[in-house]
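Colleague: So the chains spell out like this:
Number of protein chains: 2
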Amino acid sequence: MQATTAIPILLCKRLSTSKFVGARRSKVLTYDSINSHVKKVEYAVRGELAIRAEKIKEKLAKNEDLGFEAVVNCNIGNPQQLMQRPITFFRQVAALTEYPDLLSPENQDHVKALFPSDAIERARKLLKQIGSVGAYSHSQGVPHIRQDVAKFIEERDGYPSDMNNIFLTQGASSGVQSVLQLIITHPDVGVMIPIPQYPLYSATLSLFNARAVPYYLNEDDDWSLDIDQLTSSLANGRSKGCEVRALVIINPGNPTGQCLTERNMREIIEFCYNERIVLLADEVYQTNIYRPSERPFHSFKKILRSMGSKYEDFELFSFHSISKGMIGECGRRGGYYECTGIDREVVGQLYKLASVSLCPNVQGQIMVDLMVKPPKRGDPSHELYQKELKGIYASLKRRSEKLSGLFNSLDGVTCNDAKGSMYLFPRIRLPPKAIEAAREAGKQPDEFYCLAMLDATGVCVVPGSGFGQKDGTWHFRSTFLPPEELFDGFCANLKKFHQEFLSKYRD
Amino acid sequence: MQATTAIPILLCKRLSTSKFVGARRSKVLTYDSINSHVKKVEYAVRGELAIRAEKIKEKLAKNEDLGFEAVVNCNIGNPQQLMQRPITFFRQVAALTEYPDLLSPENQDHVKALFPSDAIERARKLLKQIGSVGAYSHSQGVPHIRQDVAKFIEERDGYPSDMNNIFLTQGASSGVQSVLQLIITHPDVGVMIPIPQYPLYSATLSLFNARAVPYYLNEDDDWSLDIDQLTSSLANGRSKGCEVRALVIINPGNPTGQCLTERNMREIIEFCYNERIVLLADEVYQTNIYRPSERPFHSFKKILRSMGSKYEDFELFSFHSISKGMIGECGRRGGYYECTGIDREVVGQLYKLASVSLCPNVQGQIMVDLMVKPPKRGDPSHELYQKELKGIYASLKRRSEKLSGLFNSLDGVTCNDAKGSMYLFPRIRLPPKAIEAAREAGKQPDEFYCLAMLDATGVCVVPGSGFGQKDGTWHFRSTFLPPEELFDGFCANLKKFHQEFLSKYRD
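Protein chains in written order, with this note's numbering: chain W, 10 to 516; chain Z, 10 to 516.
Keep in mind that the hints are not guaranteed to be accurate.
[As the list claims (entries may be wrong)] BS3-like cross-link-like pairs, simulated, lysine-lysine; straight-line CA separation at most 27 Å:
id	chain 1	residue 1	chain 2	residue 2
1	Z	Lys452	W	Lys64
2	Z	Lys361	W	Lys48
3	W	Lys49	Z	Lys48
4	W	Lys442	W	Lys505
Derived from the structure by calculation, the hints contain no laboratory data.
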């Protein structure tokens, strides 16, 4: 252990005011002397609750009796952490590309017993295009895979897509960060973001020193997006001196789970067109759609192109990911974004920016290829793939309904059900005594509630304040990802906690 | 294809000056209206030469006769692109972790025929710690793997290392970028970088709007680092109003291949200590050492700790990677950095920053684990691992010597041999007529030479101007990674080209 790491934080702060104190020098880098924009970043999904959850895990590992057996991480959309099994075909192809000796003739007897022929075929084909998964690829992503992405988009939307406008990324987050970095030219640039929002957006705006211009989703109407809200939010931003350059839409919503109607999307495009605002469409939950006939997913690209030639120069970035959907390959860090109507020179600058980081990891790229081009009807793996996909989908839908049902059954809690995504964002009404106790503990009331939940049940959720919420309202975000066989127990624990919390703080 | 992508660049630029031209609107995002720091970024390794090389590849794929059969990418240290085989044990473990069904009892007969028992054992152990490679890990990296990294550092250096000070990253580049982002607080922050340098550093300083304070390596003395150079460079930077906060040392050097002596390293540490400068040690080539008895590698961490308690608060970041060495797993994007003597709160801010990007890709983390903890003596895979490692090492050494020998045999070319890394950086003296022709073509003379080399031979190298060089001198960087069986032909082609170039431009 280094001696310096043992200095209490307070002492460090004091030391940093004078250059030398006895034999010990102050540091060049202290909390006071580092980039203030980094310090301003807030990222609640992995904030205090998550850190406390890690400490509880350590205690449980030492067999301490806390009244529950495990921490349940509902704070982050991380399906495979909660035992969701990966899609078999995808992992078979990944394994074969990792160890190409498995494709050599002398191993064929064993390999054919372990892997279906279409996985072997696919791995061969990918390796022919890629070479080795250990080699840097094209900085924008393997051309063959970008071609497959373009084909997927064309089939999904019915409109052309160009592989030169597609960037493979290390998850959607890194794509979002690159695009925002490009757009932000001075500290008064404003980017419109929903409230509640996924904190990647506020964090990135803090980091790059730009201003968030919030617009509120309407909780009373299923978290819908009202164009009047956009208009007043924009006016408000401009009145404060913001040059509003971009609008972020998360559809399906995170943390809110709403799914936009086609009509609403047209209005949004018109709004951006009239106001000369670039649209960033975060569509990573596009296959997590739980009312497909009533509220299907439409991509902004498709709606845009359906609106005709007036909008052909409209500027849109659309983001997708392998981390969500029924795939849930978060740890692999893969995704892509498509540039629609973006100036060629600007695309060139994004390419240069990507090249400084060399390339997205190749296994993440391979998973993007598998996502956009899964086994087809007639392929040996098609049946299993469909079974796995539908099984996960049906289970997510059941769990989402069970959990929103539970939340709505609790005293003082209301919760819109999820049309899409992996989250619920219930509103909690806390008794005055609880709010008082929170204040005394120096916490926001929703944070106070969530910490109590974690301590009582091991369930880790994220307070609404991490996403933003209307003043005076309190929420939390929970995934509905705990394994289905444990789900009833999970719900029962939450119910018991809530009742006990309410009786403890009842007037 | 989108209609807009067909507009010539010049037209776009003109359009952007007025808001509407006929039916076509100007874009919100144009070259003129995006982040100027992004525009200032230069990244020669993937610059004009590399783009031209891609075009030549397309021509060759269409069977056009260009007088050579293939493009040889010596512009980037990407061993597996040039047919270096991955380490078998590493890929076996990676494949097993990708598809854990291979570890289930019913598959054991086949799997044992394909994989050695220690690979199976290792995959099991890693999966027990990680869960699924498809789940987000701890943002700083899987704790178990960070523990293995700390143990590796302790064994390498003989001094303690703390896993809480280790960050797993997506390649060394992303770690360097995070640390620089933290250090840069205003546009007059200066970071000392070597000339010649790896362009990641200048690119990142441009992007984050800070100033590069160059110090020159001494070509006449084997690219050695002279402390007087550091002193005068610092004085120069300060005289221009820079607040110099950090010094970057690349050891072994890129593009120069030098390896620092222990004495020199002590001087550098003292210099930083006296001047209150944070040291960034880029040590990604630490196992590419070709004169181990005469010029062994020492880590800055080790030298620092050997200097005693006076330096215990010294601030050092050390970077390592799976992309280089004999492993060469570039496409996987894995690496780590260690914080030595860094304030706990500052480490906490780096952790928060890492958490916004969620986590480094898990297969990259697994490869870090394998790098720092390879098969031991007595393990079934030990012999093969050693054989592969030594084979690659010996071949790299032979190729480095062959290529520097070739360069030194060419008229007007001198080249220091490589003590370490994967590159040579020969100096070329070009006839006045060639310099004149370059000027007429609007190119730097070294760029002109390298473009001619690419067109004549298919060999792609990077002009010295991409790394920086003393005014009036011209260089290029070439890897010595072409496959050994093709190496003599590769050298002969270069020789022939050089002779023809000289006769073409002789007075």
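Colleague: Indicate, hint by hint, whether the structure satisfies it.
Modeller: Comparing the hints with the structure gives:
no., hint, in the structure
1, Lys452/Z <-> Lys64/W, "59 Å, violated"
2, Lys361/Z <-> Lys48/W, "9 Å, holds"
3, Lys49/W <-> Lys48/Z, "26 Å, holds"
4, Lys442/W <-> Lys505/W, "19 Å, holds"
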